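Participant: Residues per chain, in single letters:
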Amino acid sequence: MGNGNKIDFKSEKLPTFTEKGFQPILEKYCSRLEKVDLQPIETLQGRSVKPVSEGLDKPFAKGFFKPFKMEKCEKLALCNFLIMDKIMATSVSAIPLDNYELPMLALEWSETENIISVMVDFIPLVDSVMKEGYFEKYLDPLEEYWSKYKQLSGIEPLPFAWARKILGPYHLFGNVPKEKEQNRQQCLELFQDYLDMWLTLWQGAEPIEDERAMQYIKDRKALIRRMFLENDEGGKSMAQLIGKELQALTALCIF
Amino acid sequence: MILNAIVKGVEAMPKNIPQDWDESTVIHLEEETFTITFKNGDVSFTEGDKPDADSKIKLTSKWLCDALDGSTDFMKVWIELAEPPDKSTVQKGSGLKLVTLIDLLSSTYKFDQGFKQMIDRCKRGLKSV
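Protein chains in written order, with our numbering: chain A, 1 to 255; chain B, 256 to 384.
Be aware that one or more of the hints could be misleading.
[Unchecked claim] Which bits of chain B does chain A cover? Going by a derived footprint, with three or more residues having C-beta under 8 Å, they are: (1) 326 to 332; (2) 336 to 342; (3) 351 to 359.
[Unchecked claim] If you want the ones that stay clear, here's a sample from chain B, every Cβ over 12 Å from chain A, calculated: (4) Pro-273; (5) Trp-276; (6) Ser-279; (7) Leu-284; (8) Thr-288; (9) Thr-301; (10) Lys-317; (11) Ser-362; (12) Asp-367.
If you're looking for bench data, these hints aren't it; they were derived computationally from the structure. Since the structure is predicted, the reported quantities are computational estimates derived from the model, not experimental observations. Glycine residues also receive a C-beta, built at the ideal position from the N, C-alpha and C atoms.
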């Protein structure tokens, strides 16, 4: 690491795959996150994350999964990896602490020669019907971006019912054809806009003191984690590519 | 038969199958069925079904040929086999090992003329829908 294509991030050098012709999505993320105080996490649940945070290099999967400490959050995680030299997958996820009603951030990007597959969402940790004002404060700000980007070519309903159960009302998913520069640019902007909005809400988030509300958030996060680990076929495929132990470590980094 | 072409392709492809893979996958096409066995870093093939196979995958010949010659973007190959939205394609087990085989064979298609010709011939011979 050390050539001009690698990005610097708080003195951490994160490898990208833009030299292979993929879109500079990781650079985009990191330029937004530069203003946030993020400190690398080295252990989670007593396990060192170094096997995946300092670079995973297996025959069919190469890249990294890096969790960071962040104020108001359990963690923010970045991952960027290449599957079989053909699919670049990158994501940003953030999980708030139990005493913040801020939604979870979930931004996923997978890219091949011809397609960008995107999934963006603010996952609510509070019942947005029962909690007055929650929808307006934490979800509705996405309305203008959702309305703009839902028209992007390839945006379609997410096929997995178990995931739709978890996601928020302003999630977007699709397989966007890369042939037009406009499509590629809009995908980058989609990620940037959702990330920027989440960071804005994060900055303004205040802690809650209601013990029952905090327990609800804790329980809901635990359930979302469990549903994801049980149902995510991508994770099961990764386990076959890199081994169950390393895949479990990547899941720990992300969730 | 597509199986003959795939056997030829496997002979020419780089041997990158992980040593610890130990799995059998049945591929059902419209006019042929064969079983792929991954074991000790190797890939072998037998005609017909294997009732106790770890995975069963149902594909069309056209889909498979398009995946092997690169006509289908790899994202669609991954989605169909590694993260299938329903059970119509991957009817049992996982399609991930077939994805890796397709990855290796699609690269082989680009440099091995013999394999390329066999796949192209298979594709030309497919009955039109």
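Participant: Against this structure, judge whether each hint is valid.
Facilitator: Status of the hints after comparison with the structure:
1. For the region 326 to 332 of chain B, the proposed coverage by chain A is satisfied: 4 residues have a C-beta within less than 8 Å of a C-beta in that chain, meeting the threshold of three.
2. As drawn, the region 336 to 342 of chain B meets chain A at 5 residues by the rule of a beta-carbon pair under 8 Å; at three or more, the given contact holds.
3. For the region 351 to 359 of chain B, the stated coverage by chain A holds: 5 residues have a C-beta nearer than 8 Å to a C-beta of that chain, and at least 3 were required.
4. Its closest Cβ contact with chain A, about 7 Å, brings Pro-273 of chain B to no more than 12 Å, contrary to its assignment away from the interface.
5. At the 12 Å boundary, the C-beta of Trp-276 of chain B falls inside the reach of chain A, the nearest C-beta of that chain being 8 Å off.
6. With 12 Å as the threshold on Cβ separation, the claim that Ser-279 of chain B sits away from chain A holds: the shortest Cβ distance comes to roughly 14 Å.
7. No Cβ of chain A approaches the Cβ of Leu-284 of chain B within 12 Å, the least distance being about 23 Å, so the stated non-interface status holds.
8. No Cβ of chain A comes within 12 Å of the Cβ of Thr-288 of chain B; the nearest lies about 23 Å off, and the non-interface call holds.
9. Once the 12 Å rule is applied to beta carbons, Thr-301 of chain B is consistent with being away from chain A; the minimum gap is 22 Å.
10. Remark: the non-interface label on Lys-317 of chain B is consistent with the geometry, its nearest Cβ contact in chain A lying 18 Å away (cut-off 12 Å).
11. For Ser-362 of chain B, the requirement that its beta carbon stay farther than 12 Å from each beta carbon of chain A is not met, with the minimum near 9 Å.
12. Separation of Asp-367 of chain B from chain A is adequate, the least Cβ-Cβ distance of about 18 Å exceeding the 12 Å criterion.
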